[in-house]
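Build out the structure end to end from the sequences listed, making use of the hints.
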Amino acid sequence: MTSVNLPPTAMAPGIVPPFLLTRIARATGERLSVAPEAAAQTLRHDRPMRSARISLSIDENRTIVAEVSDAPNRTIGDARNTETLPGRTARSEGEDPVADATVNEAYDGLGATFDLYSQVYGRNSIDGKGLPLDATVHYGSDYDNAFWNGERMVFGDGDGEVFGRFTASVSVIGHELTHGVTQYTAALNYANQAGALNESISDVFGALVEQHSAQQTASAASWLIGEGLFTPSVRGVALRSMKAPGTAYDDPVLGTDPQPATMAGYVTTREDNGGVHINSGIPNRAFYLLATTLGGRAWERAGQIWYDTLLGKGGKLPAAATFARFARATVSAAGARYGGSSPEADAVRSAWTEVGVTIDGGTTR
Amino acid sequence: MAARRADTVTVTIVRTGGVAGHRRQWVATASGSAADLVRELVESDAWAGVGADPTSRDRFVWSIVVTGVGRRRTLTMPDSHLVGPIQELVRRVQADGEAVADPGWHGTATSE
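Which chain is which? The protein sequence lines are A and B, in order. Going by my numbering, 99 is the number at position 99 of the first sequence; the sequence numbering is gapless. Going by my numbering, 4 is the number at position 4 of the second sequence; the sequence numbering is gapless.
It should be emphasised that the hints constitute simulated quantities derived from the structure, not laboratory data. Certain hints may be false.
What follows is a list of derived Cβ distance ranges for each label pair [to be verified]: (1) Gln94(B) - Ser341(A): 54 to 60 Å; (2) Ala101(A) - Asp36(B): 46 to 52 Å; (3) Ser233(A) - Gly70(B): 48 to 54 Å; (4) Asp100(A) - Gly70(B): 49 to 55 Å; (5) Glu67(A) - Gln94(B): 52 to 58 Å; (6) Ala264(A) - Ala48(B): 37 to 43 Å; (7) Gly150(A) - Arg91(B): 36 to 42 Å; (8) Lys316(A) - Gln94(B): 40 to 46 Å; (9) Thr76(B) - Thr84(A): 21 to 27 Å; (10) Thr322(A) - Ser33(B): 37 to 43 Å; (11) Asp36(B) - Ala244(A): 46 to 52 Å; (12) Ser141(A) - Ser33(B): 46 to 52 Å.
Dumping the calculated SDA-like pairs for lysine to any residue here, alpha-carbon to alpha-carbon at most 25 Å [to be verified]: (13) Lys316(A) - Pro54(B); (14) Lys129(A) - Val68(A); (15) Lys313(A) - Asn192(A); (16) Lys316(A) - Asp159(A); (17) Lys316(A) - Arg337(A); (18) Lys129(A) - Pro54(B); (19) Lys316(A) - Tyr184(A); (20) Lys316(A) - Thr55(B); (21) Lys129(A) - Asp115(A); (22) Lys129(A) - Ser51(A); (23) Lys313(A) - Arg337(A); (24) Lys129(A) - Val42(B).
The structure displayed is predicted, hence computed values, not measured ones. Every residue gets a Cβ at the ideal spot worked out from N, C-alpha and C, and that includes glycine.
Here it is in structure tokens:
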């Protein structure tokens, strides 16, 4: 057992200015005000019921064939550096690109994510029923984050010192939208091992959105999450590496990438909802191992097995699923689709074994 | 028995979570009347515990630790609840306090 201890807190020279504290004191008797999102959540959504793409062609009998397929219904809001959602509508579905590159990146990233789910897995948007894809960009001031609030994706511009804008990475956009997919499917908790699985599922499909969009094979892909988000001053390539967790950055300000690649490095902490962004490295690497063992396009077999698992085709996942329980479900899902003794099911078992996860409810065979 | 009151108050802000999962920490101290105001804040309604945020994913989690106010006081809250005077305190410590570089991970790595 290794301990990672917090270094002693240095007495810092900074002084909290009295003018601020005067204001704090004035407000101390008051109740906390309602967060802006709470108000936004009460707004009604008046949307077209469903979007569709229609393509026309002529077959060999000279008959006109009309094909209707699912299509996204995107709306990008601009918070104009406030924390008020949804912000002013900057681009709606079907509209031409606008002058603001951030708006267009969000629009295109949502489209790429919709396409992976729709074209590969036959899923029509986040809920499978054509839910509109809503995002807000330019959230907050120097806001170093992107998040899913249960209804929409929200992207900050970054502080310009460590992070640039969060829409710059398609894998991050796919990651956020996938939190919505998980919410409507396995509904995994957001704490401890279930939370790390929730995070890992977002990384898996975030990476697959990028690979599908670039038509990259598993061996050609970077397996990085959030490549290009750091400013050039940061010593690092991305937020996380699924291929080699713990190696994405090593920087004087950010510290060292804390992700473990195997259960031997599992971190127990109360911070970050029980280390959900830390321990996700373990299932992330298991997926990477599966995808590269199978080879070819990762979204096809490896991604299908993970997607089936999310839908409960390997048995219903409990909201508090552990790594071992999830591993068992992936083996079952692979067995259901490809056969219990298939190369796919074998590769799933091997992947979990290599990261030190013992498959719940039996041996690895 | 109450601990003897220190002259200065130290405020430590720890931010975890976020899509990046980075742990960031800022520390500032206050003395004199400023310290008194921090002491008032930790006794106020604003310091009362707030609920969780069950629907958001990848939002920051904030932890505010104040020492020099008798017993050490800690408040943990989701980003969506960071408003009002606590938010002002956090913003000010971030702006004027010292960012603690490479703080390491506050947890335990367990090995088999």
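Legend entry - Hints violated by the structure (numbers, ascending): 3, 7, 10, 12, 16, 24
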